[in-house]
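Two independent chains are provided; combine them into the complex using the hints.
Residues per chain are reported as follows:
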Amino acid sequence: MRDVSIIGVGITKFGELWDKSLRELGLETGLAAINDAGITSNDIDALYIGNMAAGSTLQQEHVSALIADYCGLANQNIPATRVEAASASGGLAIRQAYMAIAGGFIDVAVVGGAEKMTDVSDSESSYTVSMGSDEQWEAKAGATFTSLHAIIAQNHILEYGTTREQLSAVAAKNHYHASLNPMAQFPFALDPTAVSKSGMVSTPLRMLDCAPNSDGAAAVVLCASEKAQKYTDKAIKIIGSGQASDTLSLHHRKYLHRFPAINIAAKKAFEDCNKKPSDLDVIEVHDNFTISEIIALEEIGVFNRGEAAQKSMEGETRLGGIMPTNTSGGLKARGHAPGATGIAQIIELVKQLRGEAGDRQVENAKLALAENHGGTAATAVVHILEAE
Amino acid sequence: MSVPRFWRELDTRYNLIGSYCKITNTYHYPRRSFNPEAGRDSIGSMEDYQFKGTGTVVTATVVHQAQTGYEMFGPYCMAIIELDEGPRITSQIVDCEPNNVKSGMKVKSVFRKLGEDSESGILHYGTKFILSEKTNTEDSNEDTIENIEL
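In order, the protein sequences belong to chains A and B.
The opening residue of the first sequence carries number 1 in this note's numbering; numbering runs sequentially from there.
The opening residue of the second sequence carries number 1 in this note's numbering; numbering runs sequentially from there.
Please note: incorrect hints may appear among the correct ones.
[Unchecked claim] Quick list of in silico lysine-lysine cross-link-like pairs, PhoX-like style, CA-CA up to 25 Å:
no.	chain 1	residue 1	chain 2	residue 2
1	A	LYS275	A	LYS237
2	A	LYS237	A	LYS268
3	B	LYS113	B	LYS102
4	B	LYS22	A	LYS254
5	B	LYS102	B	LYS134
6	B	LYS52	B	LYS102
7	A	LYS254	B	LYS106
8	A	LYS254	B	LYS52
9	A	LYS366	A	LYS268
10	B	LYS102	A	LYS197
11	A	LYS254	B	LYS108
12	A	LYS366	A	LYS267
13	A	LYS366	A	LYS230
14	A	LYS237	A	LYS267
15	B	LYS102	A	LYS254
16	A	LYS237	A	LYS227
17	B	LYS52	B	LYS106
18	A	LYS234	A	LYS13
Simulated from the structure, these hints should not be mistaken for laboratory data.
The model shown is predicted, which means the values in this text are computed figures rather than measured ones.
Extracted from the complex, chain B is given alone in its bound form (with noise of 0.2 Å):
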């Protein structure tokens, strides 16, 4: 992805900024400068609002098949995930047994690499998921530094 590509949209990918709509009193993610359920009034009506990161998980699925720049994470999940402020975001759940995810558990954001454009290209870094309590057949280790592919 071209550098300004992936620039302009720093805040929103690394700190979960989205838009919160003062005439519908509704969050939004991305960010977005138009509500379309309020049309031309949201127009400067929209502000910066950083999303708690907390969320539930919508519907899981376990893609064995990875997309291009995901080859090295072998089976992984995907879901789409309700903000605890309501708008919907797709993400993937790391740091779990993929398969344990399932509809209606507690999910928060965490920091995390997304891709690189090319062994010398520019790292993407992003948003993803960890699940909020861990399953009983995952190990116990801390989301440490250590832990963090970087």
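With the rest of the complex left out, here is chain A (with noise of 0.2 Å):
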């Protein structure tokens, strides 16, 4: 197996972006992708797309070769694939880019990840997020995909005592890290009392739990390590990738407090590399609810199962913490677009790594984690990025 190195990035802001269609928002993070990392088209050798709801949001399908053919890589005939898995879309394109490099298959891929969640009603988006979850036997049912968060969040409740303090702290650090964010949907800070005073979604998550549908779109260029001192001299090395999968339906799930889809993902990734969480300098989770970013944490292993909640409350996941945690802003306040979001999270670990991460520099960051999942963690990404 060789070494991948990721040499190039580029994102937009997330949110309302109405005035941008789905391919010039492809269009505009590949190019920034690519000039970033110093390639040509003629450089690329396969595009990768992750993005999960372009046939229910927009009635397109086959965007793979929408973004191929609007970027001007379809003359050159460049294999493009897309990979859906729901919200981990993006971070699972990467795996298969990832995994294509490292098996020699490929030199030079693009990985892009685009979404257009605002172009439909709220009522249409959220549905369209229901999807990632047992359409037929929890959406169709009436269960929205903030309901089973909920329910997931009640057991977290009830097995360690979090408390409303302890989920609201973590979305008002979020939107602190998002106010150091310029390229952020929502860059301002949030009082605490706000989340926990934010009007009832499904019992006990409030509106400001849960994170945005978005627009947006993100991109890196992967490289095989041996080839890209050729193109850039910031390369930031993936040296670790796990994915693994679970019960589509929560219902069907031993435990409900957990992700467990999360925790072999995050091993294998540790495994990959020899590393342990201890060793992590800064991570990106998927806070698609805040007691998603609490369990993330106890399944990773960078707090004690139990302990996530209480740690988060004391400011140890906030810049200047022993974990400092979705320093975007993560999904809550960087803001939420699928197909894009898994992508977005490598996108602010290379930023960090190369130190350029501004405002909200985590001081010299060494070694990252990304954790990307999709439904309610039916399928889970972890990738382990390390500054060379």
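What follows is the structure in structure tokens.
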């Protein structure tokens, strides 16, 4: 197996991007990433596209060919593949490119993620998100995506005594980080009491526990490490990659307060590089709801089970804490454009490891981890990155 | 939802038909022809089974922002329910004050309308649950045909 490095990144601001189409977002970030990498289109061996919902929200499938065409890669007949695993589509697209390069099949791949969630009504985009759970036996029965996470939150509360204040601290912390990130959808601080007083969505989860459904795109260029110096001197190596699945329906799980797929994917990624959670300097986790961030911290092993909520409350996941988490603002405040989210996480970590994170820079960051999951973590993807 | 997609699950939805695995002696809902715990051996050994429709609330949540198609219910109770035979199901608990539903409460299944494709589209019926014993904050209306939303 060959080593693989990230040599270029490009990202849009996430949000309600009504003036931009999926293809324009794909082009914008793809160009930014290849400019950053210093490659030309002749260097690209393959394109991978993370996208969850173009069929539902835009009535457009075959978005791999669409993006390739619009980016001018169709003339060169560059193979393009769409990867879909609900909100884990982006992270999984990176893993597909990683495996193709590590396996020696190709040298350079562009991995893009793009999503349009706000071209449709709130009700339609919410139902689209529910399709990441079991549409027939959860969504159709009346369970919203938030209500499934509400059930998870209640079980976490029952098991560990997690409190409202602890959940609110997670959202407030992510907003604080976003206030330092000019590319965030909500770049402003938020008082934890505002989270606690926000409207109820599904007990116990409130409006400000939930990440938005955003438009947005993100792209990275992956390259065989042995060839990376040809293009750049700021390559960041992917030293671990893990993926795991779980039952699609939450009700078929043994435990309702855990996301075991994250644990398994993380263990595999740590085994790849012989590292452990305490070695990490900065992480991005999939905080589609505040409870998800707490569980992810426990599944990755950053904190013991039942301790992540309190550690979050004590500021240990804030910049300056033991484990700065979601310095981008996370899904909550950077925004959540499902197909692009997993790639946006990687881009934040690349910026941290390059020392280009500006006001939110984690001092001397050398080792980073990204956790991205789809549905109620029926798919989980974990990557570990290291500064070279 | 397309007609065939709903039609082929009618038994499962209307009559709570699931599967019994003769290899592991376990029950499954919805119906499946393959039991992951028994693997290939289970193929051909899964029998149809009609659940009694009684069970216990595992966890309940009150949904304030309704799922598409459920807007008319206002705040409503969604729960994971463990059927007495073992398998778990996600379902609405109706005919009660949603905030009163707690873990451990006994429930039983009822046949209800789930939704409709459009004003002129097909109606979807299926299983929901009610509390087996009324809680003291509720009126004592029996579950008569007049109270069923058709």
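Here is how each hint holds up against the structure:
1. Straight-line distance between C-alpha atoms of LYS275 of chain A and LYS237 of chain A comes to about 14 Å, which keeps the hinted pair within the 25 Å bound.
2. Restraint check for LYS237 of chain A and LYS268 of chain A: the C-alpha separation of about 17 Å stays at or below 25 Å, so the hint holds.
3. For a cut-off of 25 Å, the pair hint linking LYS113 of chain B to LYS102 of chain B stands: about 24 Å separates their Cα positions.
4. Straight-line distance between C-alpha atoms of LYS22 of chain B and LYS254 of chain A comes to about 22 Å, which keeps the hinted pair within the 25 Å bound.
5. Restraint check for LYS102 of chain B and LYS134 of chain B: satisfied, since their Cα atoms lie roughly 12 Å apart, inside the 25 Å limit.
6. Only pairs whose Cα atoms come within 25 Å are accepted, and LYS52 of chain B paired with LYS102 of chain B is accepted, the gap being roughly 21 Å.
7. Pair hint LYS254 of chain A plus LYS106 of chain B holds up; C-alpha atoms about 20 Å apart against a cutoff of 25 Å.
8. For the hint linking LYS254 of chain A to LYS52 of chain B, the alpha-carbon distance of about 22 Å falls within 25 Å, and the restraint holds.
9. For the proposed pair LYS366 of chain A and LYS268 of chain A, the alpha carbon gap of about 20 Å is at most 25 Å, so the pair holds.
10. Pair hint LYS102 of chain B plus LYS197 of chain A holds up; C-alpha atoms about 23 Å apart against a cutoff of 25 Å.
11. For the hint linking LYS254 of chain A to LYS108 of chain B, the alpha-carbon distance of about 22 Å falls within 25 Å, and the restraint holds.
12. A threshold of 25 Å between alpha carbons decides the hint, and for LYS366 of chain A with LYS267 of chain A the separation of about 19 Å falls inside it, so the pair holds.
13. Taken as a hint, the LYS366 of chain A and LYS230 of chain A pair is honoured in the structure, with Cα atoms around 22 Å apart against an allowance of 25 Å.
14. Restraint check: the Cα-Cα separation between LYS237 of chain A and LYS267 of chain A comes to about 18 Å, which is no more than 25 Å; the hinted pair holds.
15. For the hint pairing LYS102 of chain B with LYS254 of chain A, the CA-to-CA distance comes to about 20 Å; that is within 25 Å, so the pair holds.
16. Taking the CA atoms of LYS237 of chain A and LYS227 of chain A, the gap is near 12 Å; set against the 25 Å cutoff, the hint holds.
17. Restraint check: the Cα-Cα separation between LYS52 of chain B and LYS106 of chain B comes to about 13 Å, which is no more than 25 Å; the hinted pair holds.
18. Straight-line distance between C-alpha atoms of LYS234 of chain A and LYS13 of chain A comes to about 23 Å, which keeps the hinted pair within the 25 Å bound.
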